[in-house]
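Chains Z and U supply the protein sequences, listed in that same order.
The numbers in my numbering rise by one with no breaks, and the one at position 18 of the first sequence is 26.
The numbers in my numbering rise by one with no breaks, and the one at position 46 of the second sequence is 294.
Keep in mind that the hints are not guaranteed to be accurate.
Unchecked claim - Taking lysine to aspartate or glutamate and the EDC-like style, the derived pairs with C-alpha atoms no more than 16 angstroms apart in a straight line are:
no.: 1; chain 1: Z; residue 1: 219; chain 2: U; residue 2: 394
no.: 2; chain 1: U; residue 1: 279; chain 2: Z; residue 2: 34
no.: 3; chain 1: U; residue 1: 346; chain 2: U; residue 2: 333
no.: 4; chain 1: U; residue 1: 472; chain 2: U; residue 2: 514
no.: 5; chain 1: U; residue 1: 279; chain 2: U; residue 2: 376
no.: 6; chain 1: Z; residue 1: 272; chain 2: Z; residue 2: 311
no.: 7; chain 1: U; residue 1: 346; chain 2: U; residue 2: 397
no.: 8; chain 1: U; residue 1: 317; chain 2: U; residue 2: 376
no.: 9; chain 1: U; residue 1: 349; chain 2: U; residue 2: 326
no.: 10; chain 1: Z; residue 1: 240; chain 2: Z; residue 2: 356
no.: 11; chain 1: Z; residue 1: 196; chain 2: U; residue 2: 512
no.: 12; chain 1: U; residue 1: 473; chain 2: U; residue 2: 499
no.: 13; chain 1: Z; residue 1: 196; chain 2: U; residue 2: 371
no.: 14; chain 1: U; residue 1: 473; chain 2: U; residue 2: 512
no.: 15; chain 1: Z; residue 1: 380; chain 2: Z; residue 2: 396
no.: 16; chain 1: U; residue 1: 279; chain 2: Z; residue 2: 37
no.: 17; chain 1: Z; residue 1: 219; chain 2: U; residue 2: 326
no.: 18; chain 1: Z; residue 1: 379; chain 2: Z; residue 2: 393
no.: 19; chain 1: U; residue 1: 509; chain 2: U; residue 2: 450
no.: 20; chain 1: U; residue 1: 317; chain 2: Z; residue 2: 37
no.: 21; chain 1: Z; residue 1: 196; chain 2: U; residue 2: 376
no.: 22; chain 1: Z; residue 1: 400; chain 2: Z; residue 2: 297
no.: 23; chain 1: U; residue 1: 313; chain 2: U; residue 2: 376
no.: 24; chain 1: U; residue 1: 495; chain 2: U; residue 2: 450
What the hints assert, rightly or not - Derived coverage of chain Z by chain U (criterion: at least 3 residues anywhere in the stretch with Cβ under 8 angstroms from a Cβ of chain U; other residues may be distant):
no.: 25; segment: 34–42
no.: 26; segment: 218–226
Stated by the list, open to error - Covered stretches of chain U, going by a simulated chain Z footprint (3 or more residues, C-beta under 8 angstroms):
no.: 27; segment: 323–330
no.: 28; segment: 424–431
no.: 29; segment: 494–507
The hints are simulated quantities; they were obtained by calculation from the structure and are not laboratory data.
Idealized CB from N, CA, C, for every residue including glycine.
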Amino acid sequence: MFTNFFYTLKNYGMPVSLNEWQSLLEALEAGLAGSSLIGFYYLGRAMLVKTEAHYDRFDMAFSSFFKDIETPEGLPEKIWEWLNKEMPEVEVTEEMRRNHQQLDLDELKRMLEERLKEQTEEHHGGNRWVGTGGTSPFGHSGYHPGGIRIGGESRNLSAVKVAGMRRFQEFRTDETLGVRQFQMALRKLRQFTTRLDGARTELDLDATIDKTCDNAGRLELVWNRPRENAIKVLLLMDSGGSMISYSRLCNQLFTAVNRTAHFKDLKVFYFHNCLYDWMFHDTHCSLNDYTPTDYILNHLSSDYRVIIVGDASMALYELMRPGGIIDWELYNQKPGIEWLSMLRRKFEYSVWLNPIPRKYWSWMDGSYTIKKIAEIFPMEELTVDGLDRAIKSLKSRKAISVG
Amino acid sequence: MSASLKAYQGSSGYIVSDELSNSVNIAISLKKPLLIKGEPGTGKTMLAQSIAESLDMDLIIWNIKSTTKAQEGLYVYDTVQRLYDSQFGESDVSNIKKYIKLGKLGESFGASQQVVLLIDEIDKADLEFPNDLLWELDQMSFYIPETKETITANQRPIVIITSNAEKELPDAFLRRCIFHYIAFPDPDTMESIISVHHPKLERKLLEQAMETFYMLRNIPDIQKKPSTSELIDWLQALVVGGISPSKIKKELPFLGVLLKKNEDLDVLLNQLQGKGNARNPNVMGRFR
Chain Z
9 MFTNFFYTLK
19 NYGMPVSLNE
29 WQSLLEALEA
39 GLAGSSLIGF
49 YYLGRAMLVK
59 TEAHYDRFDM
69 AFSSFFKDIE
79 TPEGLPEKIW
89 EWLNKEMPEV
99 EVTEEMRRNH
109 QQLDLDELKR
119 MLEERLKEQT
129 EEHHGGNRWV
139 GTGGTSPFGH
149 SGYHPGGIRI
159 GGESRNLSAV
169 KVAGMRRFQE
179 FRTDETLGVR
189 QFQMALRKLR
199 QFTTRLDGAR
209 TELDLDATID
219 KTCDNAGRLE
229 LVWNRPRENA
239 IKVLLLMDSG
249 GSMISYSRLC
259 NQLFTAVNRT
269 AHFKDLKVFY
279 FHNCLYDWMF
289 HDTHCSLNDY
299 TPTDYILNHL
309 SSDYRVIIVG
319 DASMALYELM
329 RPGGIIDWEL
339 YNQKPGIEWL
349 SMLRRKFEYS
359 VWLNPIPRKY
369 WSWMDGSYTI
379 KKIAEIFPME
389 ELTVDGLDRA
399 IKSLKSRKAI
409 SVG
Chain U
249 MSASLKAYQG
259 SSGYIVSDEL
269 SNSVNIAISL
279 KKPLLIKGEP
289 GTGKTMLAQS
299 IAESLDMDLI
309 IWNIKSTTKA
319 QEGLYVYDTV
329 QRLYDSQFGE
339 SDVSNIKKYI
349 KLGKLGESFG
359 ASQQVVLLID
369 EIDKADLEFP
379 NDLLWELDQM
389 SFYIPETKET
399 ITANQRPIVI
409 ITSNAEKELP
419 DAFLRRCIFH
429 YIAFPDPDTM
439 ESIISVHHPK
449 LERKLLEQAM
459 ETFYMLRNIP
469 DIQKKPSTSE
479 LIDWLQALVV
489 GGISPSKIKK
499 ELPFLGVLLK
509 KNEDLDVLLN
519 QLQGKGNARN
529 PNVMGRFR
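Full structure from sequences and hints, please.
Right under this line is the structure:
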């Protein structure tokens, strides 16, 4: 049964390794779960989950796996079964016996029954009570002060209910988070080189000291080549009207990219809805201030990583037709889709980040253009997880057929 | 819970949730390091102090900085001092042992009693830092090549590691840890935490202040959410300032104690004026 739980966790996307599973089994053997489901829940969570971002997945896996184990008011017979089964097996030490002389099985049953009644009345999930009460702790250590404390105040929720509450939903990394998290993701976008042809210009202090000491005090200097990030980034941001709803999110990404000082070069341009002949220098996208897209295509080396941020949803003609540009005073000879294809052909390391949650992509009103553009660029949603995946694809060439 | 004699159940100055004390006890009985994450101000560092206090052990704190190297935690070979000594002939330099200084981790291994070792803010250090400690934390021993000595822990220390999630920790490291995320305390827990710091607080004042505090925390656009320590300071300010409870919600006195960023204050003002813009992915305004 437990092995299935392992696979359930895997199915829910939890990176559980056999090592951790093994230690969990050891911990169970050592009795750390206290033979209750809630104990098992906390033990499992502490041992198998390594980041708060996965708490929610664990909760979901747990509640789906254990959903059949219900709260006591639903299944009293089962509890009696447990009680009857567990009790005889319990090894009672002298000390325990002294503590609980007056409580025999019937007494326990009676008290448990009382509790269950209270539970039903208050409509709290009471697996807690049965967890500590119905299975061994109730028999094991009975009214051990520790047992009571655990069972006491505000903790009277079943493990399934605790898991079902999904209190850690907000920590999911596929939800949108702040600048800091974006920065964290961007940090992964690096490629250190200690260029073999570069000059050794950096004094390696530790090695110098070591060498000098090896020489019994005669100074010997050791030089190193500086390590540098070789990554260059071209960031293209949609500043069209439909992006206003996502301005905060885009701002966060922009701030994060800007603060990430480790890129060798960072260029930022703006466009309205779709990319045409012009890459604008500011969000107003006026003809006073732009760089021709041709120039970018011809002058930037193809190892620039291109990140395009936009909702990719527009009217069909904006993408497909010459002159489809939404600005009245401008006219584009080539349709937007052609420009995008050219960009993609030139820059193999490129990705499109869409602030619209992925689940809306297929049915909202821009779905057709989203689909079209996603055929050209790998498209990810603008969340921390999405950015993570985007950065992974920026590190390796991904073959996408461009017509 | 555990049958172990050393069951941690919180200490007088530190309110601990059952979940957390469970995790602590699991870590202690499995002899694995406990990795603690959580919002700033949820008492990550305090936890180690509380464990040390309640189990009556010494606490060794290893504060990690961005320049900290794993080696420093084990031992430092003071070569420069040895160089000086050899040049000025002040003492016998043939005894290398004299120049080996144990770091915090080494210190905790060498202690005669079991100690609590706090590795504070491990994420501040270099990405590779945790990996460099894998062996030492697993085996609780390390080798000093200079003196051909192996230092082994007399008593396996209880290792508490805190992280602010500035960097992702390597998987291999995480696999060896027990993990616990300290969730932000709910109002009930918060009340008991406050009562530790302000035992004689007027009921009405507390209620009003808590309500305002959680209201502020629930505004989604606020970037630096006020934390426990800020609430405690704020209560102090309210008491010292003699603010009447009825005014707290209306006037938000000493707001600077809670919100420390200008942007956040602006967000709050906008919110209060009812300017909150509904962001809905389905509404695709096509205006420019």
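Consistency of the hints with the structure:
| no. | hint | result |
| --- | --- | --- |
| 1 | 219/Z with 394/U | 14 angstroms, holds |
| 2 | 279/U with 34/Z | 12 angstroms, holds |
| 3 | 346/U with 333/U | 11 angstroms, holds |
| 4 | 472/U with 514/U | 13 angstroms, holds |
| 5 | 279/U with 376/U | 23 angstroms, violated |
| 6 | 272/Z with 311/Z | 12 angstroms, holds |
| 7 | 346/U with 397/U | 13 angstroms, holds |
| 8 | 317/U with 376/U | 9 angstroms, holds |
| 9 | 349/U with 326/U | 7 angstroms, holds |
| 10 | 240/Z with 356/Z | 13 angstroms, holds |
| 11 | 196/Z with 512/U | 29 angstroms, violated |
| 12 | 473/U with 499/U | 19 angstroms, violated |
| 13 | 196/Z with 371/U | 15 angstroms, holds |
| 14 | 473/U with 512/U | 9 angstroms, holds |
| 15 | 380/Z with 396/Z | 23 angstroms, violated |
| 16 | 279/U with 37/Z | 15 angstroms, holds |
| 17 | 219/Z with 326/U | 14 angstroms, holds |
| 18 | 379/Z with 393/Z | 20 angstroms, violated |
| 19 | 509/U with 450/U | 29 angstroms, violated |
| 20 | 317/U with 37/Z | 37 angstroms, violated |
| 21 | 196/Z with 376/U | 14 angstroms, holds |
| 22 | 400/Z with 297/Z | 33 angstroms, violated |
| 23 | 313/U with 376/U | 13 angstroms, holds |
| 24 | 495/U with 450/U | 14 angstroms, holds |
| 25 | 34–42 | holds (count 6) |
| 26 | 218–226 | holds (count 5) |
| 27 | 323–330 | holds (count 3) |
| 28 | 424–431 | holds (count 6) |
| 29 | 494–507 | violated (count 0) |
In summary, the numbered hints that this structure violates are 5, 11, 12, 15, 18, 19, 20, 22, 29.
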